[in-house]
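Chemist: Sequence:
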Amino acid sequence: MGKRKRESALARKEAKKTQYVAKLMNNPTSPRKTRLMADAIRGVDVEKALGILQFSRRESAPKLRKLLLSAIANWQAKNEGKRIEDSNLYIKQITVDGGRQLKRLRTAPQGRGYRIRKRSNHITLVLGSRVEEKMSAAQSTDAEK
0 MGKRKRESAL ARKEAKKTQY VAKLMNNPTS PRKTRLMADA IRGVDVEKAL GILQFSRRES
60 APKLRKLLLS AIANWQAKNE GKRIEDSNLY IKQITVDGGR QLKRLRTAPQ GRGYRIRKRS
120 NHITLVLGSR VEEKMSAAQS TDAEK
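Residue numbering for the sequence shown follows numbering that gives the first Met the number 0, beginning at 0 and increasing consecutively.
Hints in this document: simulated from the structure, not taken from any laboratory.
Incorrect hints may appear among the rest.
Derived PhoX-like pairs (lysine-lysine); straight-line CA-CA distance at most 20 Å [stated by the list, open to error]:
| no. | residue 1 | residue 2 |
| --- | --- | --- |
| 1 | Lys-32 | Lys-117 |
| 2 | Lys-91 | Lys-15 |
| 3 | Lys-133 | Lys-91 |
| 4 | Lys-12 | Lys-2 |
| 5 | Lys-117 | Lys-102 |
| 6 | Lys-81 | Lys-91 |
| 7 | Lys-81 | Lys-22 |
| 8 | Lys-77 | Lys-12 |
| 9 | Lys-12 | Lys-22 |
| 10 | Lys-102 | Lys-32 |
| 11 | Lys-15 | Lys-117 |
| 12 | Lys-65 | Lys-32 |
| 13 | Lys-22 | Lys-102 |
| 14 | Lys-65 | Lys-77 |
| 15 | Lys-22 | Lys-65 |
| 16 | Lys-22 | Lys-4 |
| 17 | Lys-77 | Lys-91 |
| 18 | Lys-91 | Lys-65 |
| 19 | Lys-81 | Lys-133 |
| 20 | Lys-102 | Lys-16 |
| 21 | Lys-133 | Lys-16 |
Computed spacing ranges between beta-carbons, pair by pair [as the list claims (entries may be wrong)]:
| no. | residue 1 | residue 2 | range |
| --- | --- | --- | --- |
| 22 | Arg-57 | Arg-11 | 32 to 38 Å |
| 23 | Lys-102 | Thr-17 | 37 to 43 Å |
| 24 | Thr-106 | Gln-53 | 38 to 44 Å |
| 25 | Lys-102 | Arg-82 | 45 to 51 Å |
| 26 | Val-130 | Thr-106 | 55 to 61 Å |
| 27 | Gln-18 | Ala-107 | 44 to 50 Å |
| 28 | Arg-129 | Thr-106 | 53 to 59 Å |
| 29 | Lys-65 | Gly-1 | 40 to 46 Å |
| 30 | Pro-27 | Gln-138 | 40 to 46 Å |
Where is the CB? At the ideal position from N, CA and C, for every residue including glycine.
Based on the provided sequences and hints, a complete structural model is requested.
Modeler: Take a look at the structure:
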């Protein structure tokens with residue numbers, strides 16, 4: 000491996016240390032239905048998002064809540080000495096992409112068959128800390144001066 004490739008790999012590795020991600024693959028709900036809940040919690044503080052997901056009646060809400068709790072656990076694993084309340088965590092990014100489709104046939108009149116597509120989705124949730132972003136913004140303005 001060359002020097003430039005090694006340096007870029009180390010830079011990516013350092014960037015991943017400050018990124019707190021949780022993924023849910025092949026969630027058996029259509030992406031369109033899940034995106035409605037994802038849009039409701041995008042950019043919201045973690046505590047408020049947990050409340051929204053807990054009291055929502057949509058099918059994807061419990062799965063998104065469990066995914067959010069997993070992302071919080073990932074944050075705690077990387078920041079052992081810090082408290083969640085002090086770091087002011089929020090949902091920085093949440094994406095819902097189409098996953099695998101199961102194709103089935105449903106019987107139809109006159110000997111035909113209609114195709115049924117049972118959709119699934121992949122959800123990626125990224126947490127951010129408002130405190131860390133303020134500190135990095137302050138450091139970048141100090142560096143410019």
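Chemist: Each hint needs a verdict: does it hold in this structure or not?
Modeler: Cross-check of the supplied hints:
1. Between the alpha carbons of Lys-32 and Lys-117 the distance comes to roughly 13 Å, so the proposed pair stays at or under 20 Å and holds.
2. Among the hinted pairs, Lys-91 with Lys-15 is consistent with the structure: their alpha-carbon atoms are about 15 Å apart, no more than 20 Å.
3. Our distance criterion of 20 Å between C-alpha atoms is met by Lys-133 and Lys-91, whose separation comes to about 14 Å.
4. Only pairs whose Cα atoms come within 20 Å are accepted, and Lys-12 paired with Lys-2 is accepted, the gap being roughly 15 Å.
5. At roughly 6 Å between alpha-carbon atoms, Lys-117 and Lys-102 fall within 20 Å of each other, so this suggested pair holds.
6. A C-alpha spacing of about 19 Å is found between Lys-81 and Lys-91, which places the hinted pair at or below 20 Å, so the restraint holds.
7. Only pairs whose Cα atoms come within 20 Å are accepted, and Lys-81 paired with Lys-22 is rejected, the gap being roughly 23 Å.
8. The suggested pairing of Lys-77 with Lys-12 holds, with an alpha-carbon distance near 13 Å, which does not exceed 20 Å.
9. Distance hint between Lys-12 and Lys-22 is fulfilled; the C-alpha atoms sit about 18 Å from each other, no more than 20 Å.
10. Proximity of Lys-102 to Lys-32 is assessed by CA-CA distance (about 19 Å); at most 20 Å being required, the pair is judged to hold.
11. Between Lys-15 and Lys-117, the direct Cα distance comes to roughly 34 Å. Violation of the 20 Å bound is thereby established for this hinted pair.
12. As the CA atoms of Lys-65 and Lys-32 are separated by approximately 17 Å, the hinted pair is consistent with the 20 Å bound.
13. A threshold of 20 Å between alpha carbons decides the hint, and for Lys-22 with Lys-102 the separation of about 24 Å lies outside it, so the pair is violated.
14. Using a Cα cut-off of 20 Å, the hinted pair Lys-65 and Lys-77 holds, with the two alpha carbons roughly 19 Å apart.
15. The hinted pair formed by Lys-22 and Lys-65 meets the criterion: a straight-line CA distance of about 11 Å does not exceed 20 Å.
16. Between Lys-22 and Lys-4 the alpha-carbon distance is near 27 Å, which puts this suggested pair outside the 20 Å criterion.
17. Between Lys-77 and Lys-91 the alpha-carbon distance is near 17 Å, which keeps this suggested pair within the 20 Å criterion.
18. Note on Lys-91 and Lys-65: the hinted pairing holds, with a Cα-Cα distance of about 17 Å set against a maximum of 20 Å.
19. Of the supplied pair hints, the one linking Lys-81 and Lys-133 holds, its CA atoms being roughly 17 Å apart against a limit of 20 Å.
20. Proximity of Lys-102 to Lys-16 is assessed by CA-CA distance (about 39 Å); at most 20 Å being required, the pair is judged violated.
21. For the hint pairing Lys-133 with Lys-16, the CA-to-CA distance comes to about 18 Å; that is within 20 Å, so the pair holds.
22. For the hinted restraint 32 to 38 Å between Arg-57 and Arg-11, the CB-CB distance of approximately 35 Å keeps it satisfied.
23. For the pair Lys-102 and Thr-17, the supplied restraint of 37 to 43 Å holds, since their beta-carbon distance comes to about 41 Å.
24. Roughly 40 Å separates the CB atoms of Thr-106 and Gln-53, a value that falls within the hinted 38 to 44 Å.
25. A C-beta distance of roughly 48 Å is found between Lys-102 and Arg-82, which places it inside the suggested range of 45 to 51 Å.
26. A C-beta distance of roughly 59 Å is found between Val-130 and Thr-106, which places it inside the suggested range of 55 to 61 Å.
27. The supplied range of 44 to 50 Å is met by Gln-18 and Ala-107, whose beta-carbon atoms lie about 48 Å from each other.
28. Range check, Arg-129 to Thr-106: Cβ separation about 55 Å, and the 53 to 59 Å hint holds.
29. For Lys-65 and Gly-1, the hinted distance range of 40 to 46 Å is satisfied, since their beta carbons lie about 42 Å from each other.
30. In this structure the supplied range 40 to 46 Å holds for Pro-27 paired with Gln-138, their Cβ-Cβ distance being about 44 Å.
Consistency with the previously given hints fails for numbers 7, 11, 13, 16, 20, ordered from lowest to highest.
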